[in-house]
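Protein chains: 2
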Amino acid sequence: MVSPRNHFLFTPLLASTTTGTLEFRCITEPIRHLDRIAYHQSRCMDIDAAQNEIVLRDSFETSNIYRMPYDYLVYSVGSQANDFGISGVRQNALFLKQVRDAMQIRNKIQELFERASKPTSSRDDRDRLLSVVVVGGGPTSIEYTAELYDWLMEDGAKMFPELIDHVTITLLEASDNILSMFGADLAEYTINRFRKRKIRVLTNSRVVRVEKEFVELQDGYQIPYGAVVWATGLMPNTLTNNLGEWQKSKTGRICVTDHLTLHSPSYDNIFCIGDCAETISGALPPTGQVANQQGKYIARKFNHVTAKPWSEFEQHFTEQNKVSFNFVNRGTMAYIGGWKGVTSLPHHLDQDTKTNAFKRRFTRLQGLRAWLFWRSAYFTMLTSTANRILVPMYWFKAWIFGRDFSRF
Amino acid sequence: MVSPRNHFLFTPLLASTTTGTLEFRCITEPIRHLDRIAYHQSRCMDIDAAQNEIVLRDSFETSNIYRMPYDYLVYSVGSQANDFGISGVRQNALFLKQVRDAMQIRNKIQELFERASKPTSSRDDRDRLLSVVVVGGGPTSIEYTAELYDWLMEDGAKMFPELIDHVTITLLEASDNILSMFGADLAEYTINRFRKRKIRVLTNSRVVRVEKEFVELQDGYQIPYGAVVWATGLMPNTLTNNLGEWQKSKTGRICVTDHLTLHSPSYDNIFCIGDCAETISGALPPTGQVANQQGKYIARKFNHVTAKPWSEFEQHFTEQNKVSFNFVNRGTMAYIGGWKGVTSLPHHLDQDTKTNAFKRRFTRLQGLRAWLFWRSAYFTMLTSTANRILVPMYWFKAWIFGRDFSRF
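Chains as they are written, first to last, in numbering that gives the first Met the number 0: chain U, 0 to 407; chain R, 0 to 407.
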């Protein structure tokens, strides 16, 4: 395994770590804890498919470039936050993809409160500092907004009673609705709930630039801010962009066959999975659920054949390869704050009239039930026993003792 | 309360966080969680005792300098790591005073293993990278060495079986014995134990310079290293040094009366406690135990009188002030690795022959008993209920599941 990041990150719970509901290490799994894996903390710089070799750059001594041969390659590099080329985003906004990002966001919000509490800060300073703008209407930004609001109202209000009225949270979405993959009913439920909690939700609000102290929308409206969290969408990362010979989709993702092997040029021994790939028969959403199923599909292929002697490996592998990848949608879910969630299970969005009322009732959850579903689903998906102990413990701690408010 | 650091740090357990036995946040207590305290995250730049004002610099907008008046001042700024003016220490060594330091040390050791595991690193590279030098023979460096060894042998050996034989840990002490405050018998016990565990203990080894890849001793011997941890002693910090009018001791600490007020110039409303102060009647060791008792002494003074009306405050306060501070030695202890510790309780070092064997037996502990004493003592000293739950939980986690090996 080659990666500049030495841990696996359980991204669905990343938003919870930005506020200290969970600690960073309980949603990561160190790669080094896995058995029988040779791991290199290096960055892949290029892929020489003709030679069956990849080119690596050492993460620590960056002048150390070396090559590594392979028989089979699984290309699974993910993607990066998309700034849509909007000016000032990379310089001024905070992203939410990695543990480091979550740490930065957490420290930033704490910093804003400390700065606003200074006797030298004016009323206007306070209003600006305590204005948080979240850009994007997908599950990541919704969950971040929900967690932020919970944190500030449950813990912030106790610590900074004189500041809490200065807080404004604004959620910006460029299209005409949030949570598009959940359907209009759950989106409406979420918007209503956010508005009751005094979170401003502005749809049809495209950001055109992010200056040091304000965000400007297309209609000229300027929103002063203390922090901007940018979670609008994804774009291919540098390595994927640089693989010039490989066929890409319109969105820049690598085209793969239904067996998840490279489509063109065709190499049977290169698999691409996750956000960076797209099957030519139809694009799947760039979610963890898809990547997870793709990972299992490939693992199954290799596991079925590794029991055989090496001489028969290729033949068995090719046989195994006849089963193509088939995505099974298990639904989507999001936490929306205050012990409430939204869950859209398969069939929820079916237009089929034969889907009866009873079935529909269980394919669309909102409120406490959806939140319980959300917690139990993510809890069962955690990868290690240690984290299965830590995560509920921190949930309990946040509930009873509040969230930690120190930065270092 | 004014401090650039927004949390209280339980320093005695800091060494445990360098290896992930404990997580950073379970030994910190956010200042903001305390009730009825106005906190400023600022750095004190100067004290204008004549005007009863202090000068502060904002920790975030560093050009923001402001003054704050006081009736009473408690000066408790601690001290900083002492490099004894040895060349290269500040540039190349890692210190162990703050949470950030512990994070850096933890990440550094992980980095060394990742670098050494690269196929491009030679046998010599590995030997150098995996050589850790700890400078200082006090409890901090002893505990760090012990934790490091536990970590590497329990977790490192599983993850890097091919590298573990390249690891060398060297402890350097300039004087002729380690753990001087514990007495010769416990020092000898510790040295024997360390040597059994293949930790090199070099006494009478004064470091004269720290270059980028090696440490040089006075006798010319050069030790190549991957990491140097510097924990030799303390020196006054910049603010204390700059308070030119205040009388200082030979070691640069501020001289205080037996009531812990400023000795010269005499200001009854300025108290100095902790590492930065020294009573004129005799120096106390710069330990948490002394600072803790001094803090309680001052708190008692204020608490006894705050129930009275403000007009009578000064009078009561002066009365209260007649009781001078008296340090009660409750002993010293250190963890030395592998479920063993050393504990020196009062009377252990008494030369009095009347102290009978029975009494002596309980004033000097070593091994498992001392370790249990160490754990229970520190456990009871933790300040919050949340941390009293977290700390044993992490001890349990480290014991069963090992320590986390990811860096971010």
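I should point out that these hints are in silico values taken from the structure, not numbers from a laboratory. The beta-carbon is built from N, C-alpha and C at its ideal position, and this holds for glycine as well. Just so you know, not all the hints are guaranteed correct.
What the hints assert, rightly or not - Which residues of chain U face chain R? A few of them, derived with a C-beta cut under 10 Å, are:
id, residue
1, L8
2, T10
3, E22
4, D34
5, N63
6, M67
7, D70
8, F112
9, T119
10, R122
11, W309
12, E311
13, F400
To be verified - Label pairs and their in silico Cβ distance ranges:
id, chain 1, residue 1, chain 2, residue 2, range
14, R, Y65, U, E210, 23 to 31 Å
15, U, A298, R, N106, 38 to 46 Å
16, R, S121, U, P308, 50 to 58 Å
17, R, W338, U, V1, 32 to 40 Å
18, U, L201, R, M380, 49 to 57 Å
Each hint, compared with the structure:
1. L8: 9 Å, holds
2. T10: 14 Å, violated
3. E22: 6 Å, holds
4. D34: With Cβ-Cβ at 9 Å, under 10 Å, it holds.
5. N63: 6 Å, holds
6. M67: Where the cut-off is 10 Å and the nearest Cβ of chain R is about 8 Å from M67/U, the hint holds.
7. D70: Violated: closest Cβ of chain R sits about 17 Å from D70/U, beyond 10 Å.
8. F112: 8 Å, holds
9. T119: Holds. Min distance 5 Å.
10. R122: At about 17 Å, which exceeds the 10 Å cut-off, the nearest Cβ of chain R leaves the hint on R122/U violated.
11. W309: 22 Å, violated
12. E311: 29 Å, violated
13. F400: This interface hint holds because 4 Å falls under the 10 Å limit.
14. Y65/R <-> E210/U: 23 to 31 Å: Once the Cβ atoms are compared, 28 Å apart, the range 23 to 31 Å for E210/U and Y65/R holds.
15. A298/U <-> N106/R: 38 to 46 Å: For N106/R against A298/U, whose Cβ atoms are near 31 Å apart, the range 38 to 46 Å is violated.
16. S121/R <-> P308/U: 50 to 58 Å: Violated - the Cβ-Cβ distance for S121/R and P308/U, about 35 Å, lies outside 50 to 58 Å.
17. W338/R <-> V1/U: 32 to 40 Å: Roughly 38 Å apart at Cβ, these two residues keep to the hinted range, so it holds.
18. L201/U <-> M380/R: 49 to 57 Å: Once the Cβ atoms are compared, 50 Å apart, the range 49 to 57 Å for M380/R and L201/U holds.
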